[in-house]
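Position chain P relative to chain L; hints supplied.
Protein chains: 2
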Amino acid sequence: MMETHRKVQVAVIGAGTAGLAAMTQVRRVTDNFVLINGGALGTTCARVGCMPSKAVIQVAEDFHRRKVFDRVGIVSKQHLTVDIPNVLEHVRDLRDIFVDRVLAGTTDELGEQFIDGYARFAGPNLLQVSGHRVQADNIVIATGSRPVVPDAWRRFGDRVLTTDNLFEQDDLPDSVAVLGLGVIGLELGQALGRIGVEVTGIDALQRVGGITDPAVNKIAVDLMGREFPVWLGHRAELQEESRRLRVSSGEQTVVVDKVLVCLGRRPNLDRLGLEQLGVETDARGVPKHDPHTMQIDGMPIFIAGDVNADRQILHEAADEGRIAGRNAVSKEIQSYARRTPITITFTDPNIASVGVPFTDLDESQLAVGEIRFGPVGRAVLMAKNKGLLRVYAQRRNGKLLGGSMIAPSGEHLAHLLAWSVQLGQSVHDVLRMPFYHPAIEEALQAALQDLKRKIDPSTRDTFELERLDVQPRP
Amino acid sequence: MMETHRKVQVAVIGAGTAGLAAMTQVRRVTDNFVLINGGALGTTCARVGCMPSKAVIQVAEDFHRRKVFDRVGIVSKQHLTVDIPNVLEHVRDLRDIFVDRVLAGTTDELGEQFIDGYARFAGPNLLQVSGHRVQADNIVIATGSRPVVPDAWRRFGDRVLTTDNLFEQDDLPDSVAVLGLGVIGLELGQALGRIGVEVTGIDALQRVGGITDPAVNKIAVDLMGREFPVWLGHRAELQEESRRLRVSSGEQTVVVDKVLVCLGRRPNLDRLGLEQLGVETDARGVPKHDPHTMQIDGMPIFIAGDVNADRQILHEAADEGRIAGRNAVSKEIQSYARRTPITITFTDPNIASVGVPFTDLDESQLAVGEIRFGPVGRAVLMAKNKGLLRVYAQRRNGKLLGGSMIAPSGEHLAHLLAWSVQLGQSVHDVLRMPFYHPAIEEALQAALQDLKRKIDPSTRDTFELERLDVQPRP
Chain L
7 MMETHRKVQV AVIGAGTAGL AAMTQVRRVT DNFVLINGGA LGTTCARVGC
57 MPSKAVIQVA EDFHRRKVFD RVGIVSKQHL TVDIPNVLEH VRDLRDIFVD
107 RVLAGTTDEL GEQFIDGYAR FAGPNLLQVS GHRVQADNIV IATGSRPVVP
157 DAWRRFGDRV LTTDNLFEQD DLPDSVAVLG LGVIGLELGQ ALGRIGVEVT
207 GIDALQRVGG ITDPAVNKIA VDLMGREFPV WLGHRAELQE ESRRLRVSSG
257 EQTVVVDKVL VCLGRRPNLD RLGLEQLGVE TDARGVPKHD PHTMQIDGMP
307 IFIAGDVNAD RQILHEAADE GRIAGRNAVS KEIQSYARRT PITITFTDPN
357 IASVGVPFTD LDESQLAVGE IRFGPVGRAV LMAKNKGLLR VYAQRRNGKL
407 LGGSMIAPSG EHLAHLLAWS VQLGQSVHDV LRMPFYHPAI EEALQAALQD
457 LKRKIDPSTR DTFELERLDV QPRP
Chain P
7 MMETHRKVQV AVIGAGTAGL AAMTQVRRVT DNFVLINGGA LGTTCARVGC
57 MPSKAVIQVA EDFHRRKVFD RVGIVSKQHL TVDIPNVLEH VRDLRDIFVD
107 RVLAGTTDEL GEQFIDGYAR FAGPNLLQVS GHRVQADNIV IATGSRPVVP
157 DAWRRFGDRV LTTDNLFEQD DLPDSVAVLG LGVIGLELGQ ALGRIGVEVT
207 GIDALQRVGG ITDPAVNKIA VDLMGREFPV WLGHRAELQE ESRRLRVSSG
257 EQTVVVDKVL VCLGRRPNLD RLGLEQLGVE TDARGVPKHD PHTMQIDGMP
307 IFIAGDVNAD RQILHEAADE GRIAGRNAVS KEIQSYARRT PITITFTDPN
357 IASVGVPFTD LDESQLAVGE IRFGPVGRAV LMAKNKGLLR VYAQRRNGKL
407 LGGSMIAPSG EHLAHLLAWS VQLGQSVHDV LRMPFYHPAI EEALQAALQD
457 LKRKIDPSTR DTFELERLDV QPRP
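Those protein sequences? They're chains L and P, same order as listed.
Okay, so the first sequence: first residue is 7 according to our numbering, each after it adds one.
Okay, so the second sequence: first residue is 7 according to our numbering, each after it adds one.
Note that these hints are calculated values from the structure, not bench results.
This one's a predicted model, so the numbers in the text were calculated from it and none came from an experiment.
Among the clues, some could well be false.
Identical copies look the same in the list; a pair holds intra-copy or inter-copy alike.
Unchecked claim - Straight-line C-alpha distance at most 20 Å; calculated EDC-like pairs for lysine to aspartate or glutamate:
#, residue 1, residue 2
1, 337, 472
2, 390, 67
3, 73, 89
4, 405, 368
So that you can see chain L by itself, here it is in the shape it has in the complex (with noise of 0.2 Å):
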């Protein structure tokens, strides 16, 4: 093959939700760029992410549901049962789906503007790819992540399974061990274990989910040890043992066909050869970078999504690569306001946290609300009344800080108080708005309620409405 050589006014890496989101915007202003994308197409959410995982979610909770039956009025005779291929098979039908919908209209149909290979900088703006030289005036790195696996497990085959591989499976092993109980670790485990997978969960920390607040990971340590062991505050230490693995925590062990290793993303920066740029980098080999502009000090070179570590979530990718697509095209460098932090762990009840983490909150200077489904009216109609919503707040005027929950339909209450912590709403303004009964919107409410009450007396406000005038008595 020859080697060409380019000049082009964008190089885009990546095609996945960052690299999309800013090609999108750089074609809006010009047709002289080019994305480059080494390995499979289709974003990480589409193909191995958000949603395969929620389709064998979706399942495990319509599956779980039946043990609800009995108590209403629901007659099974025979026990229901999964039948694990075809839950797979269904997984990757919906993901075929999603994956082709990404494709459609992006990389479909780029033509010549699109390059298979893995991008490396040969200096600030020219980019080697597959013997092919790229000259970018501006360059936009979003080049994603990959599952992070210790190097020491690697000899143990395909008894190790990412989420890389395990939607690929034709069939599920009878028991497996979860390492790692973030979000992605918890809600696989849970969703596995209720389709009848032999389900262990292990983590070297005393949390679960991401979660900050303490209060909210003890229950949630609570309910998920419901439904599968969770083994807390121990590395695990993985054993070859006939053909199986051997897989220990501090004092406790058990033998399990394979391991899903659940342990977060590494940015994909290692091929990307970034010594060229001479920049400064932290940590985790990050370049410094502005999250409102996205762009790598002083340098016409934008990072998006996963792969600068920042906020590892699709619609925060997304909006990186659109900023960082827009300043790649733009006459001045914008900056932009982000959103409101927010995550959702899709286990059942959902686990969510919204605005500043409970572990970063000055508690000299707070008010916690806080409400348990036990007697909510709506989770107790759906059985589903387990669970713990705590509302932060600045005790001196009620300002909205964030929040912290896992709760039946949770992820619709954090996006009511983020949109709240973000429009700046106190407690006070919150509670004049709307909640319907029986919905569970209520549960908010009474968390907001208890947290009016905690607010410095002086500004609190005893009445919910807004008053209006004032007129005689007749």
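Chain P only, in chain L's frame:
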């Protein structure tokens, strides 16, 4: 029994949601009050409304869900069945929990402050209750509502069901005609159909679920019509036929075991002796009153909850009760802002409306954004990708006015939209909020993005994130 005469500062008539809310406010200021209630204790919501209906709906939804099992890999060798007497017992068990909760701490502990009986005005400040006289400086009328049943149908006896007796049945008939497809008729029609009752739904109007948006109504009629026959546009006529009932509507006719009458709820005004007050009333017989003070024009009398026929919804009844109670004990009459209107019909998909009804909008100034749920990621994952969401704004500047939907998880989308409307947000403001992936909230985002394209181009913002400062390019 000796006739007694009592003098109090406040008399509250009716121990439902509005009356109890009023009493709570009164109690903060004085013990010199009475609560008078005729008939069964417990609120309409807890006894015969929201709570028992939602309990039936939840069972129906759980049972209906079996229809996705095949597709997703859940194997059921024998069909699931429903044991209806057990379902009804489960519903009553839940209902009793909610009724007990309403009574606890309110009417339970009142002692002499509670009077059992129907109150009747003997003068502007004088009530007659089962032979007793109560003279009250201030009176709150909160007598609620009851199902409308045409007199001519009373002769069909126990073949006529309403929400007052439906949940008391030991078993359900094989076939039911649901007469009236407003919120209650649609919810119960769908739920009864799903647990195996042969349902025919009939309404004299061409619209269902109180929907005013014709596009949403069309989808709702279509989706509901797939579950049970829906006959619209003709009043139902009933005739006895060999101990069953022949129900005719226009050209169509069916013989059923019973009818469930859902023709709305009539304010309980007729036994109050309101003619003693000499106040002006509207066509429904409701005294003229101010919805921000709940005061009846020029009198120390307040009217709150279903009985005033304004907004027959629990959270509104509670607000009205609180306003009425507060004004009944305060030195001046205080006006309060009301919450943005929101209604939710707990069908599947949910039907919801927010803000200004479609029929009250000025089409010449209007922009409408919409999204169908067919391709919405989370809806596909849930196998619930049916429905339509429409969002309204001022075309000139994108200020949100409201919306209408039949949507999976519509109850949650309706809250987000209602809060945004109440805060006076524009479509651009709301698009700056976080929308998590893959959450159903992305459907609202898509509808808003569609809406944005229909706003006057001079005020249209093409980039969603808020601009901060600008820096020169490197």
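What hint numbers does the structure not satisfy?
-> none
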